[in-house]
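> So for the sequence shown, the numbering used here puts the first residue at 1; every next one is plus one.
Treat the hints with care, since some could be wrong.
As a list, the in silico EDC-like pairs of lysine to aspartate or glutamate whose alpha-carbon atoms are at most 20 Å apart [said to hold, decoys possible]: (1) Lys53 to Glu95; (2) Lys182 to Glu206; (3) Lys182 to Glu162.
What the hints contain is simulated information worked out from the structure, not anything from laboratory work.
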Amino acid sequence: MKLPFDTDAGMGRRATFGLIVLPADETLENELRAILPRDGVALYHSRIAMPPKVTPETLAAMERALPAAVSTLPEIDFDVIGYGCTSGATVIGPEGVARAVQSVRPGAQVADPVSAVMAAARHLGARRIGFVSPYVESVSAAMRRLLEANGFEIAGFGSFMESDDRVVARITPEATLAAIEKVAAMAPADAVFVSCTNLRVAGIAEEAERRIGRPVLSSNLALAWQMMRAAGIRSDTAPRIALFSPE
Numbered sequence: 001m002k003l004p005f006d007t008d009a010g011m012g013r014r015a016t017f018g019l020i021v022l023p024a025d026e027t028l029e030n031e032l033r034a035i036l037p038r039d040g041v042a043l044y045h046s047r048i049a050m051p052p053k054v055t056p057e058t059l060a061a062m063e064r065a066l067p068a069a070v071s072t073l074p075e076i077d078f079d080v081i082g083y084g085c086t087s088g089a090t091v092i093g094p095e096g097v098a099r100a101v102q103s104v105r106p107g108a109q110v111a112d113p114v115s116a117v118m119a120a121a122r123h124l125g126a127r128r129i130g131f132v133s134p135y136v137e138s139v140s141a142a143m144r145r146l147l148e149a150n151g152f153e154i155a156g157f158g159s160f161m162e163s164d165d166r167v168v169a170r171i172t173p174e175a176t177l178a179a180i181e182k183v184a185a186m187a188p189a190d191a192v193f194v195s196c197t198n199l200r201v202a203g204i205a206e207e208a209e210r211r212i213g214r215p216v217l218s219s220n221l222a223l224a225w226q227m228m229r230a231a232g233i234r235s236d237t238a239p240r241i242a243l244f245s246p247e
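Using the sequences and the hints given, assemble the complete structure.
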């Protein structure tokens with residue numbers, strides 16, 4: 001017997017998001033699922049080929065790997081597809097990321113952490129930025145140059161100087177919170193930015209803002225904010241920090 005059935009708009013009736021994640025990333029999916037609204041918002045992810053060592057060369061190589069990673073996402077219409085690598089978006093460039101993603105999904109908007117952080121900082125009126133990085137100097141320097149080329153001033157800087165993304169995933173939130181405080185104390189800044197989708201910041205962001213008295217941005221917080229804005233939705237599960245305050 002053939003059974004009758006109905007269809008609806010699916011799990012993403014409010015918004016459907018795609019996410020391209022690095023193999024060694026243990027943080028991005030979990031933080032975005034905690035930040036995004038839970039009702040009517042679907043999040044699907046794909047992994048992209050990338051060695052665990054973060055260097056300018058391995059980051060640049062992801063531009064060629066992006067279309068293949070996008071092609072493994074479900075065959076549905078996406079509101080936004082996010083590329084989850086801050087340093088990769090820096091080396092490839094936001095335009096290169098968008099071009100690679102839209103070569104496979106031309107109808108999707110594209111988000112990346114670098115564009116998201118700059119948009120979020122401008123939204124908050126932050127020009128002088130304290131910068132916390134996990135990266136080796138060559139990668140951190142490229143990001144500083146990009147921020148400065150876009151009108152931002154690096155007020156203070158500190159890095160964990162770690163090249164292995166598997167180790168970055170295990171840096172404790174407490175260590176990151178201490179790093180935020182140290183960088184914030186270096187010089188007056190409008191906000192502190194913690195780079196890398198593999199660092200756990202969402203759970204400490206409220207406490208960090210309380211301690212330093214300034215907005216705190218991270219790759220994942222900014223990426224979630226940018227993706228939600230692009231899809232025209234708000235979240236009641238996002239951290240209570242300056243970035244997600246009602247406009």
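> Does glutamate 162 sit within 20 Å of lysine 182, going by the straight-line distance between their CA atoms?
Since the Cα atoms of lysine 182 and glutamate 162 sit roughly 18 Å apart, the hinted pair holds (cutoff 20 Å).
> For a C-alpha distance cap of 20 Å, please report whether lysine 182 and glutamate 206 respect it.
holds (17 Å)
> For the pair we were handed, lysine 53 and glutamate 95, check the Cα-Cα distance against 20 Å.
The given pair, whose Cα atoms are some 24 Å apart, is violated under the 20 Å limit.
The structure fails hint 1 only (numbered hints given earlier).
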